[in-house]
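These protein sequence lines are chains E and B, in that order. According to the working numbering, the first sequence is numbered sequentially starting from 351. According to the working numbering, the second sequence is numbered sequentially starting from 166.
Worth flagging that the hints you see were computed from the coordinates, not collected in a lab. Quick reminder that beta carbons are idealized off the backbone N, C-alpha and C, glycines included. Don't take each hint at face value.
To be verified - In the DMTMM-like style, the derived pairs of lysine to aspartate or glutamate whose C-alpha atoms are separated by at most 20 angstroms in a straight line are:
(1) Lys449/E with Glu405/E
(2) Lys561/E with Asp350/B
(3) Lys487/E with Asp231/B
(4) Lys449/E with Glu431/E
(5) Lys292/B with Glu260/B
(6) Lys421/E with Glu539/E
(7) Lys449/E with Asp319/B
(8) Lys292/B with Glu209/B
(9) Lys487/E with Asp230/B
(10) Lys561/E with Glu358/B
(11) Lys283/B with Glu262/B
(12) Lys386/E with Glu512/E
(13) Lys421/E with Glu376/E
(14) Lys356/B with Asp352/E
(15) Lys266/B with Glu281/B
(16) Lys292/B with Asp210/B
(17) Lys273/B with Glu284/B
(18) Lys421/E with Glu431/E
(19) Lys449/E with Asp350/B
(20) Lys421/E with Asp548/E
(21) Lys283/B with Glu207/B
(22) Lys320/B with Glu358/E
(23) Lys386/E with Glu309/B
(24) Lys273/B with Glu262/B
(25) Lys320/B with Asp451/E
(26) Lys356/B with Asp355/E
(27) Lys292/B with Glu212/B
(28) Lys487/E with Asp498/E
(29) Lys283/B with Asp208/B
(30) Lys268/B with Glu281/B
As the list claims (entries may be wrong) - Restraint-style ranges between C-beta atoms, simulated for each label pair:
(31) Glu379/E with Gly228/B: 50 to 58 angstroms
(32) Lys320/B with Ser459/E: 23 to 31 angstroms
(33) Leu353/E with Tyr229/B: 32 to 40 angstroms
(34) Ala532/E with Tyr229/B: 53 to 61 angstroms
(35) Ala391/E with Val254/B: 53 to 61 angstroms
(36) Gln545/E with Ala224/B: 58 to 66 angstroms
(37) Arg255/B with Thr408/E: 31 to 39 angstroms
(38) Thr408/E with Pro185/B: 41 to 49 angstroms
(39) Ser172/B with Gln545/E: 35 to 43 angstroms
(40) Arg331/B with Asp489/E: 30 to 38 angstroms
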Amino acid sequence: MDLADRIELRRFVGREHLLWLWFETELFEGNLRTSKHGSFAMWVEGRMVLSMGRERTTIRGSLPGAHREAKEAVRRGKLPEAVGFRLDRGELPASFVLKGDSLALSGLSLPEPPKEETPAIEVLADAPRPKRRGKAKDDADAADADYDAFYERMRRTRDVEEVLEALYADFLALRLAAPWRASVWPAIERWIDGQDVDASGYRAIRSRATKR
Amino acid sequence: MPALRGSLTYARFFVSGELPEDFRQRLMRAIRLRAIQPLTPEDEDLERTGFCRIGDPYAIELGYDDVFWNEYVNLGVRTDRWVYPGSAVRARMREGEQVYKQKTGRDKMGRREKAELKELVMRRMRKQMSPAVSAIDFSWALNEGVVRFFSHGDKAAARMLDLFHRAFGSMSLSLVPEAPYTLADRLGLSKAERSAWDELEPSLAEPDVDDREEGEEA
Numbered sequence: 351m352d353l354a355d356r357i358e359l360r361r362f363v364g365r366e367h368l369l370w371l372w373f374e375t376e377l378f379e380g381n382l383r384t385s386k387h388g389s390f391a392m393w394v395e396g397r398m399v400l401s402m403g404r405e406r407t408t409i410r411g412s413l414p415g416a417h418r419e420a421k422e423a424v425r426r427g428k429l430p431e432a433v434g435f436r437l438d439r440g441e442l443p444a445s446f447v448l449k450g451d452s453l454a455l456s457g458l459s460l461p462e463p464p465k466e467e468t469p470a471i472e473v474l475a476d477a478p479r480p481k482r483r484g485k486a487k488d489d490a491d492a493a494d495a496d497y498d499a500f501y502e503r504m505r506r507t508r509d510v511e512e513v514l515e516a517l518y519a520d521f522l523a524l525r526l527a528a529p530w531r532a533s534v535w536p537a538i539e540r541w542i543d544g545q546d547v548d549a550s551g552y553r554a555i556r557s558r559a560t561k562r
Numbered sequence: 166m167p168a169l170r171g172s173l174t175y176a177r178f179f180v181s182g183e184l185p186e187d188f189r190q191r192l193m194r195a196i197r198l199r200a201i202q203p204l205t206p207e208d209e210d211l212e213r214t215g216f217c218r219i220g221d222p223y224a225i226e227l228g229y230d231d232v233f234w235n236e237y238v239n240l241g242v243r244t245d246r247w248v249y250p251g252s253a254v255r256a257r258m259r260e261g262e263q264v265y266k267q268k269t270g271r272d273k274m275g276r277r278e279k280a281e282l283k284e285l286v287m288r289r290m291r292k293q294m295s296p297a298v299s300a301i302d303f304s305w306a307l308n309e310g311v312v313r314f315f316s317h318g319d320k321a322a323a324r325m326l327d328l329f330h331r332a333f334g335s336m337s338l339s340l341v342p343e344a345p346y347t348l349a350d351r352l353g354l355s356k357a358e359r360s361a362w363d364e365l366e367p368s369l370a371e372p373d374v375d376d377r378e379e380g381e382e383a
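Use the sequences and the hints to build the structure in full.
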């Protein structure tokens with residue numbers, strides 16, 4: 351198989367990855383874990399688009415995966431094309447939409463950290479007399495602010511990407527091994543049909559497969 | 166400026182090839198060489214793409230500090246394009262057709278003559294208008310070997326890939342778009358996993374046609 355076929359004929363793997371992420375976030379009630387990052391909170395939020403060919407179902411809401419139409423669409427053969435997630439891991443939360451076919455992110459929102467508040471009386475007491483500022487100084491300050499904002503945003507973007515890459519690596523460890531057909535996919539099918547899934551049994555299978 | 170402000174929507178591209186030893190100088194030369202030359206009415210090109218400063222499409226004199234942000238190469242990918250208002254083109258075509266008919270005494274214009282008239286109308290319109298200018302942020306993390314391109318548009322990506330190839334192709338650098346396979350490959354697949362990848366079939370069976378029709382949404 352050549353490179354183009356490996357890319358184009360297997361784009362469905364990205365959609366199956368989204369389905370698996372949705373399954374895990376529900377099964378583990380939003381408490382996910384990777385060996386590199388430990389445990390963190392992640393859940394489906396905001397938007398979910400499922401499609402098969404030209405047929406498409408779009409669900410919006412705070413928990414779109416919980417809508418009856420979502421799993422109904424999967425039962426009819428649709429796979430997630432784009433899913434909104436919220437990732438809460440230590441420092442600050444992030445929300446984004448992950449696309450299945452390209453694994454590209456859209457609308458990655460990284461709220462700025464809250465600024466420490468200083469009592470107004472201290473601000474006024476410490477404030478120097480206003481000086482006339484040159485344009486060059488203003489431009490330099492603006493450029494510095496841009497640099498700082500950019501580095502901080504890239505650092506946090508990279509954090510999100512690393513978590514998603516670790517989850518994708520775990521998914522591949524399952525998807526490209528025997529347990530997928532034997533245990534994982536049957537569990538996902540039961541979940542789609544609204545049946546109970548043995549979370550601890552699944553977790554044990556996952557742990558074995560991802561220990562590489 | 167999505168790279169600097171607001172929410173981030175981007176596609177990742179993996180850089181294939183090794184950076185040369187004196188890469189900063191060579192990248193800078195290549196970038197300056199491919200800085201956008203703004204489109205003018207006299208140009209034959211109807212569209213042109215080149216680099217500009219990130220966040221400022223009109224800053225095209227690129228200095229080292231504009232481009233290198235520590236381990237990042239940050240640029241804008243600017244495209245100049247003639248965009249003709251359809252109604253204005255149609256009105257001028259009608260005027261042109263009238264003149265043609267009066268001069269030649271013919272009732273109808275041929276297909277070739279119409280095409281020539283349209284070309285003439287557009288050439289004249291270019292002298293009275295400015296090209297549409299758009300720029301998309303481009304951030305190349307040199308230590309990661311990843312380009313983040315702040316658009317999901319196929320055409321925009323194709324223009325950027327072409328520009329990257331023209332600018333850095335001579336250094337044997339190319340870009341591979343992120344996709345389920347390319348990311349898997351980057352994360353590292355064992356031999357067994359690679360052959361499993363080649364054999365993959367969708368997990369979800371196609372539903373029976375009857376089932377689908379029964380449950381069709383309104």
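Do the hints match the structure? See the list:
| no. | hint | result |
| --- | --- | --- |
| 1 | Lys449/E with Glu405/E | holds, 17 angstroms |
| 2 | Lys561/E with Asp350/B | holds, 19 angstroms |
| 3 | Lys487/E with Asp231/B | holds, 17 angstroms |
| 4 | Lys449/E with Glu431/E | holds, 6 angstroms |
| 5 | Lys292/B with Glu260/B | holds, 18 angstroms |
| 6 | Lys421/E with Glu539/E | holds, 10 angstroms |
| 7 | Lys449/E with Asp319/B | holds, 14 angstroms |
| 8 | Lys292/B with Glu209/B | holds, 13 angstroms |
| 9 | Lys487/E with Asp230/B | holds, 16 angstroms |
| 10 | Lys561/E with Glu358/B | holds, 15 angstroms |
| 11 | Lys283/B with Glu262/B | holds, 10 angstroms |
| 12 | Lys386/E with Glu512/E | holds, 9 angstroms |
| 13 | Lys421/E with Glu376/E | holds, 12 angstroms |
| 14 | Lys356/B with Asp352/E | holds, 15 angstroms |
| 15 | Lys266/B with Glu281/B | holds, 15 angstroms |
| 16 | Lys292/B with Asp210/B | holds, 14 angstroms |
| 17 | Lys273/B with Glu284/B | holds, 18 angstroms |
| 18 | Lys421/E with Glu431/E | holds, 14 angstroms |
| 19 | Lys449/E with Asp350/B | holds, 18 angstroms |
| 20 | Lys421/E with Asp548/E | holds, 19 angstroms |
| 21 | Lys283/B with Glu207/B | holds, 17 angstroms |
| 22 | Lys320/B with Glu358/E | holds, 18 angstroms |
| 23 | Lys386/E with Glu309/B | holds, 18 angstroms |
| 24 | Lys273/B with Glu262/B | holds, 8 angstroms |
| 25 | Lys320/B with Asp451/E | holds, 17 angstroms |
| 26 | Lys356/B with Asp355/E | holds, 18 angstroms |
| 27 | Lys292/B with Glu212/B | holds, 15 angstroms |
| 28 | Lys487/E with Asp498/E | holds, 16 angstroms |
| 29 | Lys283/B with Asp208/B | holds, 17 angstroms |
| 30 | Lys268/B with Glu281/B | holds, 16 angstroms |
| 31 | Glu379/E with Gly228/B: 50 to 58 angstroms | holds, 52 angstroms |
| 32 | Lys320/B with Ser459/E: 23 to 31 angstroms | holds, 26 angstroms |
| 33 | Leu353/E with Tyr229/B: 32 to 40 angstroms | holds, 36 angstroms |
| 34 | Ala532/E with Tyr229/B: 53 to 61 angstroms | holds, 57 angstroms |
| 35 | Ala391/E with Val254/B: 53 to 61 angstroms | holds, 55 angstroms |
| 36 | Gln545/E with Ala224/B: 58 to 66 angstroms | holds, 60 angstroms |
| 37 | Arg255/B with Thr408/E: 31 to 39 angstroms | holds, 37 angstroms |
| 38 | Thr408/E with Pro185/B: 41 to 49 angstroms | holds, 47 angstroms |
| 39 | Ser172/B with Gln545/E: 35 to 43 angstroms | holds, 37 angstroms |
| 40 | Arg331/B with Asp489/E: 30 to 38 angstroms | holds, 32 angstroms |
The structure shown violates none of the earlier numbered hints.
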